[in-house]
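S.K.: Residues per chain, in single letters:
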Amino acid sequence: MPQNEVIEGLGLDEYKYGFVDEEQHVFRTRPGLDEEIVRQISAQKEEPEWMLEFRLKALKIYESKPMPTWGGDLSELEDTLDQIYFYVRPSERMGTSWDEVPENIKRTYERLGIPEAEQKVLAGLGAQYESEMVYHSLKEEWEAQGVIFDSIEDGLRKHPELFRKYFATVVPPGDNKFAALNSAVWSGGSFVYIPPGVELDTPLQAYFRVNQERMGQFERTLIIADENSRAHYIEGCTAPVYSTESFHSGVIEIVVLPGAHFRYTTIQNWSNNMYNLVTQRALVHRGAAMEWLDGNLGSKLTMKYPSCYLVGEGAHGSILSIAYAGDGQHQDTGGKVVHAAPNTSSTIVSKSISKGHGRSSYRGLCKVYEGAVNSRSNVECDALLINETSRTDTYPYIEIEEKRASVGHEATVSKVGDEQLFYLMSRGMSEEEAMALIVRGFIEPIAKELPLEYAVELNKLIELEMEGSVG
Amino acid sequence: MSQSPILKISGLTARVADEDIEILKGVDLELGEGEIHAIMGPNGSGKSTLAKVIAGHPGYEATGGQVLFRGEDVLEMEPDERSQAGIFLAFQYPVEIPGVSIANFLRTALEARLDGDEELDLFDFQDLLLERMEMLDMDPSFAERPVNDGFSGGEKKRNEILQMAVLQPLLAVMDETDSGLDIDALRVVANGVNTLRKEHPEMTVLLITHYQRLLNYIRPDYVHVMVDGRIVRSGGPEVALELEEQGYADWKDKEQEAAAV
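Chains as they are written, first to last, in our numbering: chain P, -15 to 455; chain B, 8 to 268.
Hints are computed from structural coordinates only; laboratory data are not their basis. Predicted model only: the values in this text are computed from it and were never measured. Warning: the hint list may mix true and false statements.
Unchecked claim - No more than 20 Å apart at the CA atoms, straight line, and that leaves these computed lysine to any residue pairs for SDA-like:
hint: 1; chain 1: P; residue 1: 444; chain 2: B; residue 2: 111
hint: 2; chain 1: P; residue 1: 444; chain 2: B; residue 2: 119
hint: 3; chain 1: P; residue 1: 351; chain 2: P; residue 2: 380
Said to hold, decoys possible - Residues from chain P that keep clear of chain B, each with C-beta distances beyond 12 Å, as calculated:
hint: 4; residue: 156
hint: 5; residue: 210
hint: 6; residue: 218
hint: 7; residue: 245
hint: 8; residue: 247
hint: 9; residue: 351
hint: 10; residue: 404
hint: 11; residue: 407
hint: 12; residue: 409
hint: 13; residue: 410
hint: 14; residue: 412
hint: 15; residue: 418
hint: 16; residue: 423
hint: 17; residue: 425
hint: 18; residue: 429
Think of the CB as a built atom: it goes at the ideal place given N, C-alpha and C, for glycine as much as any other residue.
Model the full assembly from the supplied sequences, consistent with the hints where possible.
M.R.: See the structure below:
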């Protein structure tokens, strides 16, 4: 089908699916940020008074905090922040056209074999209709068990007490400048509650929830896994997400109550104009376990350090992450574990790949408080450099106040070697095929933890990325 | 040799890339189809360099002469093209590829041989792999291990033979396959090569070795002695036995005398 036909068809679909009354629904704030805009956002969402006050307080904190200088280069970000729209209704955001989507991204979709309808969702041009049916049957099953899986807005509206009890308790607005910003202007994201003892076999996928508010620039997700529950939440996708916005700053808060087990998987592949600054943290209680599985591809600069605060005896936290820094990209990622109770354990495994002039940094913190006796932590970070021009750095911070604790840290840097390439080529693989195989092998320990369809797509994506990496 | 040789090397000179010193100083060699040739020589004589130049190692540069494989000039070809044409190099030091299973590695190598729109049938591949492993008396779980990662010396060499058995080359160049192997491992590897040869008598083998003992297990048709970048003597299996008795010292002396003249 020629592209203009696709677009026309899409335009009709949009109207059919209900973004009809432009007079009432179209809304976006003017560019830049001040108190007036925060009030407008809150009013648009018809929020309770306490949330407006929370947002305004967060705005003050945001304004008072300097731009962080310890990580990636944010010097150009201030100008960007003056120009962006801090709130745009989703119906408005759909207004981009297929023509505006860059050619290289379209090509990648084609090469990945992504169906046309889905390509448009990824490019921000439409919503996922086919998944609706699947989602509804799952949703009924979940609801029967008392599971709540809603947009964050619906969470606040429909479950005000539960929401207020946990909201901003894991990531308070004062935590960092961008957490404060998100707290002031958040919009979109998920609200999840798993009741005590409930075990879900099917992962909760944010993808299913798209016809409501799509993940926005300032998404906010709050998840509560109640005692002895077990669940897996998946968000994002490996295919590049095109956005005309150049700034994404999310906050993900997870409360893992005693005995619960929660896994959060996210893979994000932003277009390379994007600043992606995300705070994601879990509070892990007695005997509970939290696992972050985090993949970062694309973007101009990503700063993201999934964290586990182990606050109950015997809590366990695990962080597995992959970062891929292509030419001109900087992935400043890693993980944070805080041991604040006895017999807690944690592992961080972080792998990064840098290609061309790409740069990846591992930044990690392991803190053991006094009294967290018999705590164990193991950190392993491995970097793979594809070209001579690629760069990697490691910034491990270890703070230990308790003598009876054990902390291990291992870091390796390897380069795709001529001997490795020759070995594979002498078996008939082209240089690019050889490179892709080496990279796939490197990330295998993490890729095998991913749901199959993600792993397959990640592998294909790496093959595409390795094209032109040679020479 | 009745037919035209499968590999014909003439006047080959080569050096380490970006260095001035020549390691091969004019090698002439002809291998007929189905023959087993051994090249023996002391350390530093250039025999491993010859193996690498035939396979196209980027660290070496041919500066003169010719290497014709079935009449085609392989020096103009990339290493992957040489492999696809039927040349296989069993490495002296097989390289580790962490995270990539042997099965996956071999599948990728076979897929690389297909035309763009062809696809490798995974069940056929699985059957082939299992059958080859059975032939070489290997446990199927071996194929699930990451390529050479944490392997013993013997396991690495067996992996080379497995690859050879799956890729079924026309010419197998075995670069000091015997080095670092105890006698049991050596026997296993040699049995593998002999089994393959029985199945494919047309496969030509070039054995590069420092020691005679490998030749007790894989019987060569021809033995060549390489000293200081040249082949100084060629003959039948008896040459290896002579060397075993006399060592390389004689040849080195003769070379030095020749150089002094």
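S.K.: All hints are to be evaluated individually against the structure, with a verdict given for each.
M.R.: Evaluation of the provided hints:
| no. | hint | verdict |
| --- | --- | --- |
| 1 | P:444 - B:111 | holds, 15 Å |
| 2 | P:444 - B:119 | holds, 16 Å |
| 3 | P:351 - P:380 | holds, 11 Å |
| 4 | 156 | holds, 40 Å |
| 5 | 210 | holds, 37 Å |
| 6 | 218 | holds, 23 Å |
| 7 | 245 | holds, 27 Å |
| 8 | 247 | holds, 22 Å |
| 9 | 351 | holds, 31 Å |
| 10 | 404 | violated, 5 Å |
| 11 | 407 | violated, 4 Å |
| 12 | 409 | violated, 4 Å |
| 13 | 410 | violated, 5 Å |
| 14 | 412 | violated, 4 Å |
| 15 | 418 | violated, 8 Å |
| 16 | 423 | violated, 9 Å |
| 17 | 425 | violated, 3 Å |
| 18 | 429 | violated, 7 Å |
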